[in-house]
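Number of protein chains: 2
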Amino acid sequence: MQTPAPLTVTGETRLYVVIGDPIAQVRSTHLYNGLASEGGYDAVFVPLQFGAEDFEAATGALRSFKNLAGIIPTIPHKARMLDLVDEARPRARMVGAVNSIRVEPDGRWTGEAFDGVGYVEGLKANGHDPKGRTVQLVGAGGAGASMAFALAEAGIAQLRLFDVDAGKADRVAAGLAEHFPQLPVTVGPVDPGAVDIVANATPLGMGANDPLPLDPETLVPGQLVTDMIMKPPVTPLLEAAAARGCPTVVGYEALKGQAAANMAFFGYG
Amino acid sequence: MQTPAPLTVTGETRLYVVIGDPIAQVRSTHLYNGLASEGGYDAVFVPLQFGAEDFEAATGALRSFKNLAGIIPTIPHKARMLDLVDEARPRARMVGAVNSIRVEPDGRWTGEAFDGVGYVEGLKANGHDPKGRTVQLVGAGGAGASMAFALAEAGIAQLRLFDVDAGKADRVAAGLAEHFPQLPVTVGPVDPGAVDIVANATPLGMGANDPLPLDPETLVPGQLVTDMIMKPPVTPLLEAAAARGCPTVVGYEALKGQAAANMAFFGYG
Chain R
24 MQTPAPLTVT GETRLYVVIG DPIAQVRSTH LYNGLASEGG YDAVFVPLQF GAEDFEAATG
84 ALRSFKNLAG IIPTIPHKAR MLDLVDEARP RARMVGAVNS IRVEPDGRWT GEAFDGVGYV
144 EGLKANGHDP KGRTVQLVGA GGAGASMAFA LAEAGIAQLR LFDVDAGKAD RVAAGLAEHF
204 PQLPVTVGPV DPGAVDIVAN ATPLGMGAND PLPLDPETLV PGQLVTDMIM KPPVTPLLEA
264 AAARGCPTVV GYEALKGQAA ANMAFFGYG
Chain A
24 MQTPAPLTVT GETRLYVVIG DPIAQVRSTH LYNGLASEGG YDAVFVPLQF GAEDFEAATG
84 ALRSFKNLAG IIPTIPHKAR MLDLVDEARP RARMVGAVNS IRVEPDGRWT GEAFDGVGYV
144 EGLKANGHDP KGRTVQLVGA GGAGASMAFA LAEAGIAQLR LFDVDAGKAD RVAAGLAEHF
204 PQLPVTVGPV DPGAVDIVAN ATPLGMGAND PLPLDPETLV PGQLVTDMIM KPPVTPLLEA
264 AAARGCPTVV GYEALKGQAA ANMAFFGYG
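Keeping their order, the protein sequence lines are chains R and A.
Take 24 as the starting number for the first sequence in this note's numbering and just add one per residue.
Take 24 as the starting number for the second sequence in this note's numbering and just add one per residue.
Because the hints were derived from the structure by calculation, they are not lab data.
This list has only true hints and no planted wrong ones.
The calculated lysine-lysine pairs, modelled on DSS-like cross-linking and capped at a C-alpha distance of 25 Å, are:
hint, chain 1, residue 1, chain 2, residue 2
1, A, K279, A, K154
2, R, K254, R, K147
3, A, K89, R, K89
4, A, K254, A, K147
5, A, K254, A, K279
6, R, K254, R, K279
7, R, K279, R, K147
8, A, K254, R, K89
9, A, K89, R, K254
Assemble the whole structure, with the sequences as input and the hints as a guide.
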């Protein structure tokens, strides 16, 4: 990889905003600006923080920003953005959330969901194609749902789903049954012993005193263990997995995969 | 000057927007980002285009952007911003426009006007302190008014004012009379022969087929001639002035002076 040219921002530069609240934890802007610099694209990605209580006024204003080329919604705006876009791609509708919006030349907003896709791309980039594999997914919130659909699209052989909120796991399972009727999906307690890939999609591990999302004693040496958490880069779960002889893939790999897919969606590369 | 570090934008980066419509001509973002990089400040400046018809909704949304640290209004928003800020500094009230807004820690907006100040700083940086000098100012619109007040603050000895719209020149003269009662101000036809500094504050020279803002035959060799126009960098007026043996200062110098003053106002350096 060549050193990217410094970011040059003028009035002609296309503007992309990463929206969320809180926002301080966002690092993707740096990744996207690096990809733009490397590719020689005149685009800049900046964080934009507004609360759920200001969602309508803020997104209304975003519509009036004539040089806005795209929006990357993060928590808490991903689900509401689904209703706001002019067109939601099928994957976004399946997931029930949008984490990328492209502003079309005619001003219409097209929404897509890439976080699960990014996760799968991150696995592949690290030599772990999930096709034909069995997966234990822990957590069926926004990230988990998105990963479940992307794994199904990628051709996994079987999925085990767990969430402390059983209703969430059931809803994702129902969505999968509708779109991927041939995929065997089980909702139930975490059981890493039976699968090739164990994926954490809960926030457990972000806090210093969080319990682990699963008992590391149940991990099988050689089995792939992944985490979506980016801070810390190596979570206690991944540390424990590595200690048991499991290969691991960190959350940043999913972000990289998502950024690459997103840049292509935005028309770069 | 050292090569600035590449701009790194994360969720913690303070966001500044240059607002205007049109926006493609804006180059100041590049200048500001360079100053931020050089100084090691975690700040990013981006263009934001919205029309006068969307002013209220857009500025309302700007109020809800929690990571917004400042606004640099350009045409057509400078005058309306004066009414919108929570506090307008005396210079902004004199000029009747705001071209810099600092978001205070408590969320209040403080407005200031720096374009005239930037012009004077640009003169000084090029070895032409206007103190004690006599000045012919051509154009009494927003830029001209701002320059007139800044020149008065800088201690010029006398000012001649011209605008094709005599009412504009009269209003600026009245404002100067109120704030700088000792400064001799004359409103009337352009008469470069009698002054040390001739300053163009009209847009004449931006268009390829524009007439010159004044007859270059009337310029006196050795007299300083300046332009606020940035594109082209050297205007036909400055070319003609140089051909007559006049030193010149280009518009970009005013922008640099303004940026430096603005960065200090934003708390950098």
